[in-house]
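**Student:** Heads up: the protein sequence lines correspond to chains A, B and C, in order. In this text, residue positions in the first sequence follow our numbering: the first is 54, and each later residue adds one. In this text, residue positions in the second sequence follow our numbering: the first is 5, and each later residue adds one. In this text, residue positions in the third sequence follow our numbering: the first is 6, and each later residue adds one.
Treat the hints as calculated values from the structure; they're not laboratory data. Just so you know, these numbers come straight off a predicted model, no measurement behind them. The reader is advised that the hints may include incorrect statements.
Footprint (simulated), chain C over chain B, 3 or more residues, beta carbon under 8 Å [stated by the list, open to error]: (1) 5-12; (2) 24-35; (3) 54-64; (4) 67-75.
Result set (DSBU-like, lysine-lysine): computed pairs, CA atoms no more than 35 Å apart in a straight line [stated by the list, open to error]: (5) C:K64 - C:K85; (6) C:K85 - C:K130; (7) C:K130 - C:K64; (8) C:K130 - B:K74; (9) B:K74 - C:K64.
Don't be surprised by glycine CBs; every beta carbon is placed ideally from N, CA and C.
Residue-level listing of the chains:
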Amino acid sequence: MTSQAVGWLTGSLTSAHPLTAAARSTTLTVPGWPGNDAGQHVDVRLTAPDGYQAVRSYSIASAGPGEEIELAIDRLPDGEVSPFLVDDLELGDTVELRGPLGGWFVWRPEQTQPVQLIAGGSGVVPFVAMTRAHASVGSTVPMQLLYSLRTPEDAFFRDELSQPTATVRTTWHYTGAVPPGWSRSAGRLTVEDLQRETLPPEKAPLTYICGPTGFVEAVSRALISLGHAPDAIRTERFGGT
Amino acid sequence: MDHLDGNVLAGPTTDLFAFEPTTAQGQCRSCADIAALGQAMVYGQPMGFVARCRNCDNVLLVVVEHAGQKSLNMRGLRWLRVADPVEHNRI
Amino acid sequence: MAVFGGRRGDDNPALPPGQHLTASFPVLSAGPTPSIDTEDWEFFIQTETGQTHRWNWDKFLALPSEDITVDIHCVTSWSKFGTRWRGVSLDTLFSEVETGFDFVMAHSYGGYTTNLPRQELLDGKAWIAYEYGGSELDPEHGGPARLLVPHLYFWKSAKWVRGLVMQSEDNPGFWEEYGYNLHGDPWREERYS
Ligand SMILES: Cc1cc2nc3c(=O)[nH]c(=O)nc-3n(C[C@H](O)[C@H](O)[C@H](O)COP(=O)(O)OP(=O)(O)OC[C@H]3O[C@@H](n4cnc5c(N)ncnc54)[C@H](O)[C@@H]3O)c2cc1C
Ligand SMILES: [Zn+2]
């Protein structure tokens, strides 16, 4: 298990760049951060001048040692916290952080099972950490990603995930609009899509699913119907429906 | 807000447990299912965290954080089994 | 430097302290949404003598009902104005009930509980609601029927209510056991005990 800093740490925003029109990558420097495993998350706490506080969880897109962590945050239009982190937080501003958190939804280089990752929307964030960890240790364990998103413009980390040298193959799936010349039409992932695009039960994969709660529920139900054992599926629900 | 995975419990239970809670195995008092806490279904946010059995919905554990205190109830767990920290996994 | 405001700061006098207005209807639940067929539904009030008054769906709908338009306030800090319900007043349901106990534990399908003083349920302040916005109450929001006690924080308005058990003491319900206020008046900001 990863060592965890006790209590709340302070992180300051040291770099940021847009990922999509609604999302940005934020890199925070966190003195005392003990490093983190791929797939872990952090709780971010914001405090208003009158003492009011809001806490939200964010997956960490980076993995490994060091005091810098990268978060990738999608703005929910009516959200309380995400618009602040995407639009308002400025370089040098600080937030409080608790973590790294979670030991269940992680991938560790010593794991030997083939890995299937299935992301819905911003649910790709912990998988970016896993693909980075996979590449950085030169893992030979098969790992592949199925990334379901609304439109091509909504992709997080597209360049990185589509690099020819990537050790993890990404299959893109669009639910709202497809790129020009795309061979499939847009639509929600079906059982047939999952059967075609993911590692089958015979390969005994460990399958990780992450995204909005409704997405995770639908995909895990479909995988169980395809014969995957419930214990071979790990899920991370981000909330929403 | 719809329900989340047991993983989200990692934050609120940090100071209560000196071990990683989400990988600890526990047995449901109601249906005897054995699972990692990370596999529980978590409801009740933002009032609190209500972790229910993935198999029978029995309440396994409740955590409410307020004013620098945490209240915990684990009545729905028959037992909790915690592995010793594995040093070689440390970063 | 960016200053976090949170979703508050409304100084609307119709808002209790620390609340903000929402147009949506957020869903907060301590468990999965139970599916309850009105064929099997019943509502009961149980007194200290062990006597239980029961209403099945038809008997319940046959009671006089009223349209209710009220503001609601969730302890998680959202308030919603002018929500429209239809339901049966608890005055009507309690009219057949004789009890000397001053407190009530509300029980829901799915196991949820919340405690209330009996007085907070009487005098036209509380209902068993079965319609919202002119349609039957969505299971997500507590259908087929929920308790509606709009002058207290909304966790007191137990969704999927199935009965009230009279109690001599104000024993805590589900959330109250973990420090949420036994009474829960939003105007006095009784969030925690
Ligand atoms: C373990 C974990 C990891 C997460 N990692 C990330 C991440 O890497 N990147 C990221 O952008 N988000 C992530 N989230 C979601 C994040 O914690 C917040 O829920 C999200 O940013 C919304 O917060 P908010 O304050 O802006 O919205 P709120 O004010 O909390 O909610 C506004 C509205 O949006 C709905 N809503 C809440 N959450 C979601 C959601 N996830 N999807 C759709 N609707 C929702 C609410 O029901 C409400 O109606 C993660 C969640 C969890 C539990
Ligand atoms: Zn169980």
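**Student:** If a hint holds in the structure, say so; if it does not, say that too.
**Tutor:** Each hint tested on the structure:
1. 5-12: holds (count 3)
2. 24-35: Coverage by chain C is violated for the stretch 24-35 of chain B (0 residues, Cβ < 8 Å).
3. 54-64: holds (count 4)
4. 67-75: n = 5 at 8 Å, threshold three: holds.
5. C:K64 - C:K85: holds (31 Å)
6. C:K85 - C:K130: holds (17 Å)
7. C:K130 - C:K64: Holds, because 22 Å separates the two Cα atoms, which is no more than 35 Å.
8. C:K130 - B:K74: holds (33 Å)
9. B:K74 - C:K64: violated (44 Å)
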